[in-house]
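Chemist: Starting from the given sequences, assemble the full structure and let the hints guide the process.
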Amino acid sequence: MNRRTLIIRGAAVLLAARARPASAQAAPVLIEMKGSPRGERVAFVPSGVGVAPGTVVRFVNRDAGNSHTATTYHPDILDRPQRIPDAAQPWDSDLLLPEDAFEVTLTVPGVYDFYCVPHEHAGMVGRIVVGTPDDTGWQGPATDPGDLPDAALAAFAAVDVILAQGAVLPPGGDPT
Amino acid sequence: MLRSITSLAAALLLGALPAAAQTAAETAPPEAPFAKVSELVTLPDFLPGLGTLYVDPASLPAGPFLGYDHDGKLSATIYMTPIEDLQDGTAYDDLAVGSNTVTSVDVYYNAGHPGVEKPHVHVVLYHDAEAKARLAE
Chain A
1 MNRRTLIIRG AAVLLAARAR PASAQAAPVL IEMKGSPRGE RVAFVPSGVG
51 VAPGTVVRFV NRDAGNSHTA TTYHPDILDR PQRIPDAAQP WDSDLLLPED
101 AFEVTLTVPG VYDFYCVPHE HAGMVGRIVV GTPDDTGWQG PATDPGDLPD
151 AALAAFAAVD VILAQGAVLP PGGDPT
Chain B
1001 MLRSITSLAA ALLLGALPAA AQTAAETAPP EAPFAKVSEL VTLPDFLPGL
1051 GTLYVDPASL PAGPFLGYDH DGKLSATIYM TPIEDLQDGT AYDDLAVGSN
1101 TVTSVDVYYN AGHPGVEKPH VHVVLYHDAE AKARLAE
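Top to bottom, those sequences are chains A and B.
Here the numbering used here is used: the first sequence runs in plain steps of one and ends on residue 176.
Here the numbering used here is used: the second sequence runs in plain steps of one and ends on residue 1137.
Errors might be hidden in some of the hints.
Unchecked claim - Taking lysine to any residue pairs in the SDA-like style, the calculated list, with each CA pair at most 20 Å apart, reads:
(1) B:LYS1118 <-> A:ASP150
(2) B:LYS1118 <-> A:ALA151
(3) B:LYS1036 <-> A:ALA101
(4) B:LYS1118 <-> A:LEU78
(5) B:LYS1118 <-> A:ALA27
(6) B:LYS1073 <-> B:GLU1137
(7) B:LYS1036 <-> A:ALA151
(8) B:LYS1118 <-> B:GLN1087
(9) B:LYS1132 <-> A:SER36
I should point out that these hints are in silico values taken from the structure, not numbers from a laboratory.
Modeler: Okay, here's the thing in structure tokens:
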């Protein structure tokens, strides 16, 4: 564990301590950032996941030859279209080196779309569904494609599939 | 006489290349303007398959990138050419090489990384027969 990871973990613990409800003490849900050995394919694994409100989601870079981010689509971050619930706070992991990690606690029900900044054009995007459409305050997926590249738009898993399966692999499967 | 002509041709070829091509150090680090890629962008020091990379930032995105093994031996010269730029008519001509000895070349697709974020092609010139193995991990 390097200093950067420690800092990230420390910050994540502080955030979690402030935001995580007492009822949600389960282990974080893991989303790994992966790539093929020569970098032909990169992806979040899983690329779609359903979680309960209050869940901690942990991103870990498992790609030995690349850096990745987990960044929400939001005007406050790189002036991108909003693709998270109105009441949710946007987040950005910044670039993570191999084995670095980032955690975020998701409390607002709805659909959160995120991407890897250097790999959005390669279709490295993900979708987290927090809660279900029956939850108060639920906000469904964005429908305006905005400025997203076609490769990104094509890679989002359908919300109903995520809700049915719990976790969805990226198009083409695990790139490793 | 034939040998002399060959040597002259080689000398002329070298003369046509940018200065960096003639001064690439056999052992890391190469002289400025080359800089360590991991100090320019957020990437690991050693990239599996490519090695520890150095590049003249003015030559981005194509490079040449100089790839050194774990012992600091120059092992590969790498070029990174964005596919979109190639499709739009950009040509990358007269690129320098780190060493005049090339034993094999690999060409493959890369989805992007910090520094060259567009999907691009890696052209890897290996400078000795064992270079690929030394750079693998």
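Chemist: Now tell me, hint by hint, if it's right for this structure.
Modeler: Verification of the hints:
| no. | hint | in the structure |
| --- | --- | --- |
| 1 | B:LYS1118 <-> A:ASP150 | holds, 14 Å |
| 2 | B:LYS1118 <-> A:ALA151 | holds, 12 Å |
| 3 | B:LYS1036 <-> A:ALA101 | violated, 24 Å |
| 4 | B:LYS1118 <-> A:LEU78 | holds, 17 Å |
| 5 | B:LYS1118 <-> A:ALA27 | violated, 36 Å |
| 6 | B:LYS1073 <-> B:GLU1137 | holds, 15 Å |
| 7 | B:LYS1036 <-> A:ALA151 | violated, 31 Å |
| 8 | B:LYS1118 <-> B:GLN1087 | holds, 13 Å |
| 9 | B:LYS1132 <-> A:SER36 | holds, 17 Å |
Hints 3, 5, 7, counting from the list given before, are not met by this structure.
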